[in-house]
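Asker: One letter stands for each residue in the lines below.
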Amino acid sequence: MTNKQVVDARNSFCPGPLMELIAAIKLAEVGDEIELLSTDQGSATDIPEWIHKVGHEMVSTVSDSGVWHVVVRKAK
Amino acid sequence: MSSPKVSILVVSGSLERLQMAAMVASVGAVSGSEVQMLLSMNSLQYFVRANTQEPAPEGSFGRTMAGKKIPPFKQLLQHAVELGDAKIHPCSMALDVTGIKPEDLESFLARPLGLTKFLADAASGQLLTF
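Residue numbers (the working numbering), protein chains in the order written: chain A, 1 to 76; chain E, 77 to 206.
Hint data in this document are derived by calculation from the structure and do not stem from the laboratory. Treat each hint with caution, since some may be false.
As the list claims (entries may be wrong) - Keeping only pairs whose Cα atoms sit at most 20 Å apart, straight-line, the calculated EDC-like set for lysine to aspartate or glutamate is:
{"id": "1", "chain 1": "A", "residue 1": "74", "chain 2": "E", "residue 2": "158"}
{"id": "2", "chain 1": "E", "residue 1": "144", "chain 2": "A", "residue 2": "8"}
{"id": "3", "chain 1": "A", "residue 1": "76", "chain 2": "E", "residue 2": "161"}
{"id": "4", "chain 1": "E", "residue 1": "145", "chain 2": "A", "residue 2": "46"}
{"id": "5", "chain 1": "A", "residue 1": "53", "chain 2": "E", "residue 2": "110"}
{"id": "6", "chain 1": "A", "residue 1": "26", "chain 2": "E", "residue 2": "134"}
{"id": "7", "chain 1": "A", "residue 1": "26", "chain 2": "E", "residue 2": "161"}
{"id": "8", "chain 1": "E", "residue 1": "81", "chain 2": "E", "residue 2": "110"}
{"id": "9", "chain 1": "A", "residue 1": "76", "chain 2": "A", "residue 2": "49"}
{"id": "10", "chain 1": "A", "residue 1": "26", "chain 2": "E", "residue 2": "110"}
{"id": "11", "chain 1": "A", "residue 1": "76", "chain 2": "E", "residue 2": "158"}
{"id": "12", "chain 1": "A", "residue 1": "76", "chain 2": "A", "residue 2": "32"}
Isolated chain E, as found in the complex (with noise of 0.2 Å):
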């Protein structure tokens, strides 16, 4: 069950996008495809371990979404890593940028990486933004 590639960028920090960019993952994932994510600018703070904010909606479906049972962004993540071929990565110059130690974010994400070998390894397949 091989599918092409899915790279994934994602620099948004609303609601919405991270939802969606987290749902794609994790469908592509355990659906045979290799994922990879890059988290960079305003996403990136919402996978810190001590940040305890969740991401603002960005319009009326995000504030429609508050009270129903939809799946939470970083625990679909979770699952595309568990459960698929997933790696979702933190982008070093948001690191570098923010201060942020690649310690102090969730287990589940991989090694900190690069635009450049991002890119490269994303040449093989899709790439989305978010």
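One chain only, chain A, in its complex shape (with noise of 0.2 Å):
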């Protein structure tokens, strides 16, 4: 059974959000949703690149008033 958990890493700047996502990652299990909450607009792009880069899987992201929610899946 796969888990899904938010972070909220909203008003965090560059590159707290994607800290914040990692070291939920590293605790998730292969698997498992991660939805990030962030405000910052740079995280935004930079972290599909990142999900990109190190080969886990991309779900969603969706701006809902000024709150970026980036959705993970751990691919390994």
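Reassemble the complex: the two chains are provided individually, in unrelated frames, and hints are given to aid placement.
Answerer: In structure tokens, the structure reads:
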């Protein structure tokens, strides 16, 4: 069974949201989903790049009222 | 996910340069790069555990950083070590000149390193100076 957790990194600046996401991924099981909340515009473009580079799965990225919701699935 | 080695030489004690060096180290380390950093000259004092003095900003950006939720440079470097493949070394020359002992430094720092070894290791990748 896969789990989903939310990491709230709103109001943190680069590279804070990325570091919070990575810390959560490290503790998660393969297949788990993590939804990162971020208000940092730079992180919204950087984090998908990091996910692609290290080989996790990008599930979705949506902006809602100034908050980016980036959902990633741990792939390895 | 292998990336070129990144070697970072930090000699400045300004807030902006320490912050940028830490950002490069942490993002590089968690993105698959082997990162080595050498702390020398004016930077080393901020890694002495008993030193509570914060580095001074050198310009308007550094002053703007105050009060924002920006990850502190030492926390970023600790993440680089714990979450990625980074080694943060105090410069052996700077230790000799200042009299600072390795055991007085932050615990996430690696062993002291000399410039010759640092440059030899840096030859296979990128070298950045702050």
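Asker: None of the hints should be skipped; say for each whether it holds.
Answerer: We went through each hint and held it up to the structure:
1. A/74 x E/158: holds, 19 Å
2. E/144 x A/8: holds, 16 Å
3. A/76 x E/161: holds, 18 Å
4. E/145 x A/46: Distance ~18 Å between residue 145 of chain E and residue 46 of chain A Cα, so the pair holds.
5. A/53 x E/110: holds, 15 Å
6. A/26 x E/134: With Cα atoms ~36 Å apart, residue 26 of chain A and residue 134 of chain E exceed 20 Å; violated.
7. A/26 x E/161: The hint holds at about 14 Å.
8. E/81 x E/110: holds, 5 Å
9. A/76 x A/49: holds, 17 Å
10. A/26 x E/110: Holds, because 18 Å separates the two Cα atoms, which is no more than 20 Å.
11. A/76 x E/158: Since the Cα atoms of residue 76 of chain A and residue 158 of chain E sit roughly 18 Å apart, the hinted pair holds (cutoff 20 Å).
12. A/76 x A/32: With Cα atoms ~10 Å apart, residue 76 of chain A and residue 32 of chain A stay inside 20 Å; holds.
Checked against the numbered hints above, the structure violates only hint 6.
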